[in-house]
Amino acid sequence: MSDLEEDSITWTMAEYGQFQNELLNLKHENQKLKSNSERYEELIKLAPNPYFEIINLRKALDEKSKPKDDPSKLKFPLFSRQIALECLKKVRKEELLTDDQELLLEQLLAIFEHMWPKGGQADTARPNESTIEDISSKAEQKRVSDLNGKLKLSLEVLEEKCKAIEIALDSTVKENNDLRIKNSQLENQKETLIIDLANREEEVSDARQALKEKYAIECSREELDLENSKLKRNLEKLEQEIKELRGNGAITLKEEIKGLIKENQELKKSFDELKGNEHLLQIEYNNLKNSARDNMQELGNISFKNKELENRIKNLEEINKKLQSDYEDAKTEKQIVQKRSMHDLKDLKNQYSKEKSMHEQCKLEKERLLQELKGAQGRSPKTSNEPMSFQEKIIVEALSHRVQELEQELIENQNKAADYDEMARNFENLQKENEDLKAEINKLQTDIGMLGAQFNEIMRNKSYA
Numbered sequence: 001m002s003d004l005e006e007d008s009i010t011w012t013m014a015e016y017g018q019f020q021n022e023l024l025n026l027k028h029e030n031q032k033l034k035s036n037s038e039r040y041e042e043l044i045k046l047a048p049n050p051y052f053e054i055i056n057l058r059k060a061l062d063e064k065s066k067p068k069d070d071p072s073k074l075k076f077p078l079f080s081r082q083i084a085l086e087c088l089k090k091v092r093k094e095e096l097l098t099d100d101q102e103l104l105l106e107q108l109l110a111i112f113e114h115m116w117p118k119g120g121q122a123d124t125a126r127p128n129e130s131t132i133e134d135i136s137s138k139a140e141q142k143r144v145s146d147l148n149g150k151l152k153l154s155l156e157v158l159e160e161k162c163k164a165i166e167i168a169l170d171s172t173v174k175e176n177n178d179l180r181i182k183n184s185q186l187e188n189q190k191e192t193l194i195i196d197l198a199n200r201e202e203e204v205s206d207a208r209q210a211l212k213e214k215y216a217i218e219c220s221r222e223e224l225d226l227e228n229s230k231l232k233r234n235l236e237k238l239e240q241e242i243k244e245l246r247g248n249g250a251i252t253l254k255e256e257i258k259g260l261i262k263e264n265q266e267l268k269k270s271f272d273e274l275k276g277n278e279h280l281l282q283i284e285y286n287n288l289k290n291s292a293r294d295n296m297q298e299l300g301n302i303s304f305k306n307k308e309l310e311n312r313i314k315n316l317e318e319i320n321k322k323l324q325s326d327y328e329d330a331k332t333e334k335q336i337v338q339k340r341s342m343h344d345l346k347d348l349k350n351q352y353s354k355e356k357s358m359h360e361q362c363k364l365e366k367e368r369l370l371q372e373l374k375g376a377q378g379r380s381p382k383t384s385n386e387p388m389s390f391q392e393k394i395i396v397e398a399l400s401h402r403v404q405e406l407e408q409e410l411i412e413n414q415n416k417a418a419d420y421d422e423m424a425r426n427f428e429n430l431q432k433e434n435e436d437l438k439a440e441i442n443k444l445q446t447d448i449g450m451l452g453a454q455f456n457e458i459m460r461n462k463s464y465a
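Just so it is clear: in the sequence shown, position 314 is 314 by my numbering, and no numbers are missing.
Keep in mind that the hints were calculated from the coordinates and are not lab data.
Backbone N, C-alpha and C fix where the C-beta goes; we use that ideal spot for every residue, glycine too.
Just to be clear, a hint being listed does not mean it is correct.
As the list claims (entries may be wrong) - Pairwise CB distance ranges, derived in the manner of DEER restraints: (1) Leu370 / Met342: 38 to 44 Å; (2) Arg233 / Phe304: 56 to 62 Å; (3) Tyr215 / His279: 52 to 58 Å; (4) Asp329 / Glu407: 44 to 50 Å; (5) Glu310 / Phe271: 20 to 26 Å; (6) Gly452 / Asp329: 22 to 28 Å; (7) Asp326 / Phe304: 29 to 35 Å; (8) Glu407 / Gln431: 33 to 39 Å; (9) Cys87 / Asn148: 52 to 58 Å.
Taking the hints into account, I'd like the entire structure generated from these sequences.
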């Protein structure tokens with residue numbers, strides 16, 4: 001046992017637990033790497049694009065830098081000076097204004113009080129254009145300068161943000177690359193560990209099989225040792241009996257030696273027989289192992305054949321179902337065709353009888369007209385040179401037209417009769433095709449029954465085995 005344990009490669013419980021802990025740690029690290037990569041990707045998606053913000057700021061600057069409309073072209077509404085002053089004072093009292101707004105309000109009050117003329121029509125006149133232009137240009141310059149300052153500050157802030165985002169992106173890209181490399185290394189380690197584990201499991205299974213075989217051999221050896229111990233006890237008993245007999249003086253020393261030699265020979269024979277039995281047992285054990293392997297292979301082959309037969313039976317059942325459905329469809333179609341053909345045949349027979357009667361009537365009419373024509377010719381005998389009268393010409397033409405119509409109807413009736421004959425032949429062909437389909441379906445059903453019987457026989461043989 002000790003030699004086999006030294007040669008076999010096995011893991012202790014501590015090593016196996018350590019291996020499981022390493023696998024769990026690898027799984028946790030993989031999950032962390034995946035979560036970090038997903039979080040970085042989300043941050044990159046959520047981060048604002050500074051390029052668009054800079055473009056928007058430039059558009060705002062361009063709009064502010066556009067030339068304003070000429071103040072002289074602006075149209076100010078006519079309103080009262082007193083009303084404008086009251087409105088501005090009311091706004092100054094009630095509204096909370098910023099410094100810029102208060103400055104603008106004071107400038108407007110000064111303009112309205114000191115520069116707007118009082119009284120008469122001048123009270124509703126427009127303000128002086130030069131003063132309005134100066135005030136508006138100053139306010140606009142101040143507002144544009146404030147906006148430029150704010151835009152410069154926002155541009156600087158955006159540039160700093162862009163730099164910080166670029167640095168963060170570079171760092172995240174480096175971290176992602178490092179994490180991907182580490183992840184690939186860990187996956188390679190995981191694959192190697194899985195391969196090592198599979199190899200170790202194979203070695204453990206081989207070692208267990210060897211241990212079982214060694215245990216069986218040791219059991220047989222122990223049985224032989226027990227038999228040897230029994231033989232030794234028998235020898236000791238015989239020696240005691242010999243001593244007793246010596247004491248009694250019943251046998252001599254030579255007889256004792258002869259008896260011992262015989263017993264020794266018998267013991268050697270029994271020992272040789274036991275060795276032979278051990279060898280036979282080993283051979284029988286090997287034969288049993290080989291037969292078990294052969295049986296397992298046969299069972300595998302039988303199961304594979306069983307699966308093939310099951311698949312074949314399923315396919316045949318599907319084919320049978322399709323054929324049955326086709327047979328049912330053909331049957332219903334046959335019934336429909338039979339019904340239609342019966343009705344058509346009845347209609348054709350009726351129509352044929354009608355047309356036959358009409359044909360006979362046409363013949364009778366033709367004969368009657370011919371007789372009338374002959375009678376008319378007989379009643380008014382004329383020489384061949386005399387011309388026919390107008391009424392006679394009309395009667396002859398009418399009779400000739402009627403004869404042509406009757407001949408045309410006769411030809412049509414003959415064509416219809418030929419069509420009816422062709423339809424009857426087609427009906428007979430359809431009946432033959434239906435009978436052939438029935439024969440094929442019956443043949444397939446018999447084949448499926450035979451395959452089912454073979455499958456059941458194979459299953460019974462497998463159960464007996």
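Consistency of the hints with the structure:
At about 41 Å, the beta-carbon gap between Leu370 and Met342 stays in the expected band of 38 to 44 Å. For the pair Arg233 and Phe304, the supplied restraint of 56 to 62 Å holds, since their beta-carbon distance comes to about 57 Å. Our hint of 52 to 58 Å for Tyr215 and His279 is violated, since their Cβ atoms are close to 18 Å apart. Roughly 47 Å separates the CB atoms of Asp329 and Glu407, a value that falls within the hinted 44 to 50 Å.
In this structure the hint that Glu310 and Phe271 lie 20 to 26 Å apart at CB is violated, the actual value being about 57 Å. Judged by the Cβ atoms, the range 22 to 28 Å given for Gly452 and Asp329 holds: they are separated by roughly 25 Å. Against the hinted window of 29 to 35 Å, the Cβ-Cβ separation of Asp326 and Phe304 comes to about 33 Å, which satisfies the hint. Checked against the hint of 33 to 39 Å, the pair Glu407 and Gln431 passes, with Cβ atoms roughly 37 Å apart.
Separation of Cys87 from Asn148 is about 32 Å and departs from the stated range, judged on CB atoms against 52 to 58 Å.
This entry does not satisfy hints 3, 5, 9, going by the numbered hints stated previously.
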